[in-house]
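Trainee: Keeping their order, the protein sequence lines are chains A and B.
So for the first sequence, my numbering puts the first residue at 1; every next one is plus one.
So for the second sequence, my numbering puts the first residue at 1; every next one is plus one.
The set of hints was computed from the structure by calculation and includes no laboratory data.
Positions of the beta carbon are idealized from the N, C-alpha and C atoms, including for glycine.
Fair warning: there could be bad hints in the mix.
[As the list claims (entries may be wrong)] With the Cβ distance kept under 8 angstroms, some of the chain A side facing chain B (calculated, not the full set):
(1) Gln45
(2) Gly47
(3) Ala77
(4) Ala93
[Claimed, not checked] Here are some of the chain B residues that sit facing chain A, going by a computed Cβ distance under 8 angstroms:
(5) Arg10
(6) Arg19
(7) Leu21
(8) Met25
(9) Arg90
(10) Gly201
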Amino acid sequence: MSACATIGPVFAKGPRAPRLGRQRSGTVVVADGDGRWEALMVAAQAGDARAYDLLLRDCLPLLRGIARRRIADAHEAEDAVQDTLLTVHRMLATYDPSRPLRPWLIAITERRCVDRLRRRGRGAGRETPIDDHAETLAAPATETGEDRIAGRQLREAVAELPESQRTALRLAKLEDLPLADAAAKSGLSVGALKVATHRALKTLRRRFGAEDKP
Amino acid sequence: MTATDDLISRLSADLRPVRRLAPPMRRAAGWLGFATLLIAVAVAVFGLRPDFAERLRDASEVVQWVASAATGVLATIAAFQLSLPDRSPRWILLPLPAAAVWVATLGLGCLAEVARVGPAALWPGFSPGCMAFVLGLGLPLAGSLVWMLRYAVAIRPVPVAVMGGLAGAALSAAGLWLFHELEGAAEALIWHAGMTLVVVGILLAFGRSWERREAEHGFTGA
């Protein structure tokens, strides 16, 4: 059964007429003309996974557009889009089908972008841009051959970890995501993610002699 | 497949039916009904304060009571509206005029007591009995409101927490006035400010973890 066939009856409820909205950035946004997104969302609220998948993929360009206008760094913007999708997922129950979906999505996306920028701002205070040290890093006096070998060994050790442990390590430790977000992104449960992260760190410690071998 | 595509596939696979939230005005009315019931039960149990009739003749007290009740009602409406992503942030302005009158009357009460008793009036006395009244009414009011607003932490945590705190404090003040006399205006002011901060703190500290846990176990928006 197609998603549209599943959602057919909800059109009868009739979401509000399409209208023009103005974003904070000043760009005029034309609301979805035929109420398709609203209908897909109503079907998603009822548990229709196909309608939900279709809706999220359909609105991705809108979310990316907002994120990229707000956040210069493309990777960071894409992370904000993913944060938005997670929030949409958590807040499904708060959407009111009598109202257009687009402002609801825009508000969530903008909120997640602001959060990303804030988090980045806080992080920037603790971090030192690596570009400033390019010369230092290149200088043989400060980066010894031993350092380079250790770095390569670490990368190889990480590459040899099982896929689930590598993903868990990246999301929970390197990207420093909250556990629930990292779990959602990795497709693991929070418990499984914790176990995978713990095992990955243990393997690395063991390999580099920071922990006794069993 | 990109990480975002992959995420969408996982979210779709994880989808479960949700019970849609009732409109914010209906949710606000529901909570206000609960608050009114709680206050009515407290009045029925403890009876109206002995000097109730006398206090009703004092225009400034009546203004203060009306202002606190109005602040509670309007802040509740504002909190439920602000908790939804697509509602205007300007809802935060709704309770401000009533709150200004309420705080001003409390402040004037403090000043009048200082003029009458001296600076000692600013040092509140906390009797255990009084604390039981304040907490007994304030905690169920604040706790239930925080629980109903928990999903808002992902959108506007601070404005919703502040409005929720204000609503809880203002309605518990209005309720308490009917059956219990706080020792003085300074004490009342401190209790109400404290109650607001408690609600704000609880929602900001625990709201996100509650909301996450519910998201993992199927959000019903109760």
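Trainee: Would you mind marking each hint as holding or not holding in the structure?
Mentor: Each hint tested on the structure:
no.	hint	verdict
1	Gln45	5 angstroms, holds
2	Gly47	3 angstroms, holds
3	Ala77	11 angstroms, violated
4	Ala93	4 angstroms, holds
5	Arg10	5 angstroms, holds
6	Arg19	6 angstroms, holds
7	Leu21	5 angstroms, holds
8	Met25	11 angstroms, violated
9	Arg90	14 angstroms, violated
10	Gly201	20 angstroms, violated
Against the hints set out earlier in the document, violations occur for numbers 3, 8, 9, 10.
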